[in-house]
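Trainee: Sequence:
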Amino acid sequence: MQNLHLDFGKRSYDIVISDSFAEFPRAFSAVCGGKVLIVTDSNVAPLYLDEVRRLLYCAGFSREGTADLVIEAGEQSKNMDMLQTIYDACIRCGLDRKSTILALGGGVVGDMAGYAAATYMRGVRFVQVPTTLLAQTDSSVGGKVGIDYAGVKNIVGAFKQPALVYINTNTLKSLPRREISAGMAEVIKYGVIKNAAFLEYLDEKRDKVNALDAETMQTVIYNCCAVKAAVVQQDETETGLRAILNFGHTVGHGIESAKDFALLHGECVALGMLAALDIALGRGYVSEADLDKCRNLLRAYGLPEKTGGVSIKQVLEYMKNDKKKENGSLRFVLPRPVGVADVYNDVTQAELVHAVETVLE
Numbered sequence: 001m002q003n004l005h006l007d008f009g010k011r012s013y014d015i016v017i018s019d020s021f022a023e024f025p026r027a028f029s030a031v032c033g034g035k036v037l038i039v040t041d042s043n044v045a046p047l048y049l050d051e052v053r054r055l056l057y058c059a060g061f062s063r064e065g066t067a068d069l070v071i072e073a074g075e076q077s078k079n080m081d082m083l084q085t086i087y088d089a090c091i092r093c094g095l096d097r098k099s100t101i102l103a104l105g106g107g108v109v110g111d112m113a114g115y116a117a118a119t120y121m122r123g124v125r126f127v128q129v130p131t132t133l134l135a136q137t138d139s140s141v142g143g144k145v146g147i148d149y150a151g152v153k154n155i156v157g158a159f160k161q162p163a164l165v166y167i168n169t170n171t172l173k174s175l176p177r178r179e180i181s182a183g184m185a186e187v188i189k190y191g192v193i194k195n196a197a198f199l200e201y202l203d204e205k206r207d208k209v210n211a212l213d214a215e216t217m218q219t220v221i222y223n224c225c226a227v228k229a230a231v232v233q234q235d236e237t238e239t240g241l242r243a244i245l246n247f248g249h250t251v252g253h254g255i256e257s258a259k260d261f262a263l264l265h266g267e268c269v270a271l272g273m274l275a276a277l278d279i280a281l282g283r284g285y286v287s288e289a290d291l292d293k294c295r296n297l298l299r300a301y302g303l304p305e306k307t308g309g310v311s312i313k314q315v316l317e318y319m320k321n322d323k324k325k326e327n328g329s330l331r332f333v334l335p336r337p338v339g340v341a342d343v344y345n346d347v348t349q350a351e352l353v354h355a356v357e358t359v360l361e
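Residue numbering for the sequence shown follows full-length UniProt numbering, starting at 1 and increasing by one per position.
Just so you know, nobody snuck in bad clues.
Simulated DEER-style distance windows between Cβ atoms:
1. ALA150 <-> VAL31: 34 to 42 Å
2. LYS313 <-> GLY34: 44 to 52 Å
3. HIS354 <-> ASP50: 48 to 56 Å
Treat the hints as calculated values from the structure; they're not laboratory data.
We treat Cβ as the ideally placed atom computed from N, Cα and C, and that holds for glycine.
Sequences are here, hints too, so could you generate the full structure?
Mentor: Here you go:
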């Protein structure tokens with residue numbers, strides 16, 4: 001078991017990384033009390049909902065004060081209607097400001113439950129129990145929560161730090177291979193923006209990562225969380241440094257929306273990273289060898305290099321609504337070189353068009 005502590009003063013919290021739920025009752029009861037609403041989805045509920053409820057009872061939480069809400073799995077649930085459903089459940093269960101909303105699932109569940117926790121009664125406690133690789137390495141850490149609106153991803157949101165993040169790496173064994181691959185996009189992202197040596201580790205440990213070796217996965221997840229924690233503690237609300245965590249997301253979100261969420265988020269981030277690397281290559285920030293190394297690593301973990309079924313016009317149209325724009329200009333995270341990244345708002349239309357073309361069939 002490994003622990004990380006994020007220091008936000010009175011809102012500080014721990015990330016617990018384990019290969020079981022054995023420490024969950026102790027960790028949860030140390031920071032939470034009152035009633036609990038577990039929000040999970042139709043994929044995760046049959047696997048872990050009963051176990052988590054039982055662990056809450058073992059920690060002293062009452063059956064009467066513990067409720068659950070199961071939402072339909074998938075990005076299509078991340079909307080205003082589902083948010084209202086969560087609010088209705090909060091009211092029906094009598095949650096008050098000392099209650100806790102527990103997100104049990106992947107990024108969609110965490111974003112939805114977190115936004116509900118940030119806004120219900122102007123804020124209640126929020127705990128993340130991420131069950132996907134993408135959520136364990138990225139979306140559960142740092143406090144970004146939100147929903148999609150008008151076809152635009154995460155356009156409505158807030159910053160809400162959890163009271164606890166509890167990661168059980170054993171849950172990864174229940175995931176389809178495609179979900180593991182999608183999660184690896186965010187893992188690789190951390191190496192490109194902050195730690196080139198980590199990319200070498202991911203290349204060397206491919207077989208163990210793909211086999212979900214427990215020790216290797218704990219190391220991978222710890223490294224990702226440590227990078228994100230260091231960045232977020234310096235810039236919680238993304239006014240500066242934190243923006244580098246959006247590497248691959250500018251084009252990635254455009255593709256994700258243009259394809260009506262037919263691709264997984266991580267798959268779109270992989271395409272967005274390749275597009276950003278194309279811009280960096282054109283500017284001389286990275287070499288052809290750097291681009292090939294990143295492309296080969298993405299390919300080795302089963303991630304796409306191109307996608308079809310959408311036009312460049314559609315992708316660019318969705319990118320106009322990107323929430324990361326500043327004074328009307330898109331902000332791009334570019335490596336300079338691999339292992340170091342910065343944010344640029346001077347990417348030209350020609351650079352953008354060429355970059356997007358490289359990842360569309």
